[in-house]
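Student: Sequence:
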Amino acid sequence: MKAGSALLGALFAASVQAQEAQFPHKAAIEITVLFPAGSSADVTARLLADGMSKQLGAKVLVVNRPGAGGAIGYKHVASQKPDGYSIVWNSNSISTTYHSGMLPFDYREFDAVARVLVESPVIAVRGDSKWKTLAELIAEAKSRSRQLMVGNSGIGSHTHISSVALFKAAGAEVTDVPFGAAQVVPSLLGAQVDAVVQLPAALSGYVKTGQVRLLAALTSARDPALSDVPTAREQGFDVSLEAWRGIAVPKGTPKPAIAALEGAIRKTAESPDFAQASERLGVRPAFMPAEEFGSLIAREDVELARLMQLIGLKK
11 MKAGSALLGA LFAASVQAQE AQFPHKAAIE ITVLFPAGSS ADVTARLLAD
61 GMSKQLGAKV LVVNRPGAGG AIGYKHVASQ KPDGYSIVWN SNSISTTYHS
111 GMLPFDYREF DAVARVLVES PVIAVRGDSK WKTLAELIAE AKSRSRQLMV
161 GNSGIGSHTH ISSVALFKAA GAEVTDVPFG AAQVVPSLLG AQVDAVVQLP
211 AALSGYVKTG QVRLLAALTS ARDPALSDVP TAREQGFDVS LEAWRGIAVP
261 KGTPKPAIAA LEGAIRKTAE SPDFAQASER LGVRPAFMPA EEFGSLIARE
311 DVELARLMQL IGLKK
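The opening residue of the sequence shown carries number 11 in our numbering; numbering runs sequentially from there.
Check before you lean on any hint, since a few could be wrong.
[To be verified] Here are the computed lysine-lysine pairs in the DSBU-like style, where the Cα-Cα straight-line distance is at most 30 Å:
id: 1; residue 1: Lys152; residue 2: Lys142
id: 2; residue 1: Lys265; residue 2: Lys218
id: 3; residue 1: Lys218; residue 2: Lys85
id: 4; residue 1: Lys324; residue 2: Lys64
id: 5; residue 1: Lys324; residue 2: Lys69
id: 6; residue 1: Lys325; residue 2: Lys69
id: 7; residue 1: Lys91; residue 2: Lys36
id: 8; residue 1: Lys277; residue 2: Lys261
id: 9; residue 1: Lys178; residue 2: Lys325
id: 10; residue 1: Lys142; residue 2: Lys91
id: 11; residue 1: Lys277; residue 2: Lys64
id: 12; residue 1: Lys64; residue 2: Lys36
id: 13; residue 1: Lys85; residue 2: Lys64
id: 14; residue 1: Lys140; residue 2: Lys152
id: 15; residue 1: Lys261; residue 2: Lys324
id: 16; residue 1: Lys277; residue 2: Lys69
id: 17; residue 1: Lys140; residue 2: Lys178
id: 18; residue 1: Lys152; residue 2: Lys178
id: 19; residue 1: Lys265; residue 2: Lys277
id: 20; residue 1: Lys277; residue 2: Lys178
id: 21; residue 1: Lys140; residue 2: Lys324
id: 22; residue 1: Lys91; residue 2: Lys261
id: 23; residue 1: Lys265; residue 2: Lys91
id: 24; residue 1: Lys152; residue 2: Lys265
id: 25; residue 1: Lys324; residue 2: Lys85
id: 26; residue 1: Lys36; residue 2: Lys218
id: 27; residue 1: Lys69; residue 2: Lys91
id: 28; residue 1: Lys265; residue 2: Lys140
id: 29; residue 1: Lys265; residue 2: Lys85
id: 30; residue 1: Lys261; residue 2: Lys178
id: 31; residue 1: Lys64; residue 2: Lys325
id: 32; residue 1: Lys36; residue 2: Lys178
id: 33; residue 1: Lys277; residue 2: Lys85
id: 34; residue 1: Lys142; residue 2: Lys178
id: 35; residue 1: Lys85; residue 2: Lys36
id: 36; residue 1: Lys85; residue 2: Lys69
id: 37; residue 1: Lys325; residue 2: Lys36
id: 38; residue 1: Lys91; residue 2: Lys64
id: 39; residue 1: Lys152; residue 2: Lys277
id: 40; residue 1: Lys218; residue 2: Lys91
Derived by calculation from the structure, the hints in this document are not laboratory data.
Given the sequences, and given the hints that come with them, work out the whole structure.
Tutor: Shown next as structure tokens:
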């Protein structure tokens with residue numbers, strides 16, 4: 011009897027494992043992107059989705075759910091069934107939206123799957139601007155307190171925090187102007203603002219045509235994808251706020267599903283096609299597996315909370 015029960019138990023466990031191993035077996039996996047079409051997040055998510063589709067042999071669809079600095083998209087994914095079919099293209103915004111009071115829960119509502127890439131926040135001006143260096147822009151900002159307008163991707167966004175941190179480090183005051191992510195670059199080109207703090211993927215095309223000039227990368231060392239762009243630190247302003255993007259799933263998603271997603275992401279992020287496309291966009295592949303990625307998110311959450319408290323953005 012006991013032997014029979016053990017056999018049945020083993021068969022049941024094997025059956026469950028076989029079912030889990032079939033992931034993905036539904037029609038499609040949906041990646042929620044927290045920002046609108048045309049934004050850096052959107053462009054890079056579509057690049058990832060294409061590679062994951064090939065690796066998994068399943069459709070991976072990108073759905074834009076913008077608003078509230080990412081909070082709308084995070085809320086949607088957190089409310090979905092934890093089965094691996096609803097995933098989010100997460101970023102440092104999981105911490106900034108929570109600590110700014112826009113999101114009622116923090117990163118612990120999700121399980122980390124993998125970091126995919128890193129981006130260097132940059133400060134940019136129009137190609138015909140009189141400012142050729144960051145020092146020149148800072149000098150003018152100091153001489154005309156609060157008169158220079160600097161665009162960002164929304165209150166509490168990574169680009170907003172980066173902008174505030176930069177000008178605080180420089181001892182200058184500007185007027186920060188939040189836009190929807192897809193409107194930041196048009197606001198610069200249309201001369202609604204004097205400069206923008208943005209991520210490279212949204213600017214790369216305009217930089218190549220000379221419509222936009224990058225003055226500095228807000229990272230600790232030069233980004234290989236932007237090797238000719240000096241860091242703010244090189245120019246005497248101590249600020250470093252690298253941005254990352256990765257994939258997370260609702261808390262409690264089965265480990266086999268997380269493993270399948272992680273494996274597909276690894277193969278995509280390490281492929282020559284992804285590397286070449288990333289270089290064109292000004293982003294850098296930086297795969298990190300689930301456990302390590304989860305630790306990174308937890309560490310950075312503490313640091314971003316400290317920084318947001320310092321600059322008056324923490325609720």
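Student: Does each hint fit the structure? Answer for all of them.
Tutor: Checked hints:
1. Lys152 with Lys142: holds, 16 Å
2. Lys265 with Lys218: Distance ~43 Å between Lys265 and Lys218 Cα, so the pair is violated.
3. Lys218 with Lys85: violated, 37 Å
4. Lys324 with Lys64: Distance ~41 Å between Lys324 and Lys64 Cα, so the pair is violated.
5. Lys324 with Lys69: Given pair Lys324, Lys69 is violated - Cα atoms ~39 Å apart, limit 30 Å.
6. Lys325 with Lys69: Violated, because 39 Å separates the two Cα atoms, which is more than 30 Å.
7. Lys91 with Lys36: holds, 13 Å
8. Lys277 with Lys261: holds, 24 Å
9. Lys178 with Lys325: holds, 19 Å
10. Lys142 with Lys91: Violated, at roughly 51 Å.
11. Lys277 with Lys64: With a Cα-Cα distance of about 10 Å, the restraint between Lys277 and Lys64 holds, given a limit of 30 Å.
12. Lys64 with Lys36: Distance of about 15 Å is within 30 Å: holds.
13. Lys85 with Lys64: holds, 28 Å
14. Lys140 with Lys152: holds, 16 Å
15. Lys261 with Lys324: holds, 25 Å
16. Lys277 with Lys69: Satisfied, since the Cα-Cα distance of roughly 16 Å is no more than 30 Å.
17. Lys140 with Lys178: Satisfied, since the Cα-Cα distance of roughly 23 Å is no more than 30 Å.
18. Lys152 with Lys178: holds, 11 Å
19. Lys265 with Lys277: Holds - the C-alpha atoms of Lys277 and Lys265 are around 18 Å apart, at most 30 Å.
20. Lys277 with Lys178: Distance ~40 Å between Lys277 and Lys178 Cα, so the pair is violated.
21. Lys140 with Lys324: Violated, at about 35 Å.
22. Lys91 with Lys261: holds, 9 Å
23. Lys265 with Lys91: Cα-Cα ~14 Å, so holds.
24. Lys152 with Lys265: At roughly 53 Å apart (the allowed maximum being 30 Å), Lys265 and Lys152 break the hint.
25. Lys324 with Lys85: Between Lys324 and Lys85 the Cα gap is close to 20 Å, so the pair holds against 30 Å.
26. Lys36 with Lys218: Outside the cut-off at roughly 41 Å; violated.
27. Lys69 with Lys91: Holds. Lys69 to Lys91 sits at ~18 Å (cutoff 30 Å).
28. Lys265 with Lys140: Violated. Lys265 to Lys140 sits at ~54 Å, over the 30 Å cutoff.
29. Lys265 with Lys85: Holds, because 22 Å separates the two Cα atoms, which is no more than 30 Å.
30. Lys261 with Lys178: violated, 37 Å
31. Lys64 with Lys325: Judged against 30 Å, a Cα distance of about 42 Å means the pair is violated.
32. Lys36 with Lys178: violated, 50 Å
33. Lys277 with Lys85: Holds, at about 29 Å.
34. Lys142 with Lys178: holds, 21 Å
35. Lys85 with Lys36: holds, 23 Å
36. Lys85 with Lys69: holds, 23 Å
37. Lys325 with Lys36: violated, 40 Å
38. Lys91 with Lys64: holds, 24 Å
39. Lys152 with Lys277: Not OK: Lys152 and Lys277 at ~48 Å, beyond 30 Å, violated.
40. Lys218 with Lys91: This hinted pair is violated, its Cα atoms lying about 43 Å apart.
Against the hints set out earlier in the document, violations occur for numbers 2, 3, 4, 5, 6, 10, 20, 21, 24, 26, 28, 30, 31, 32, 37, 39 and 40.
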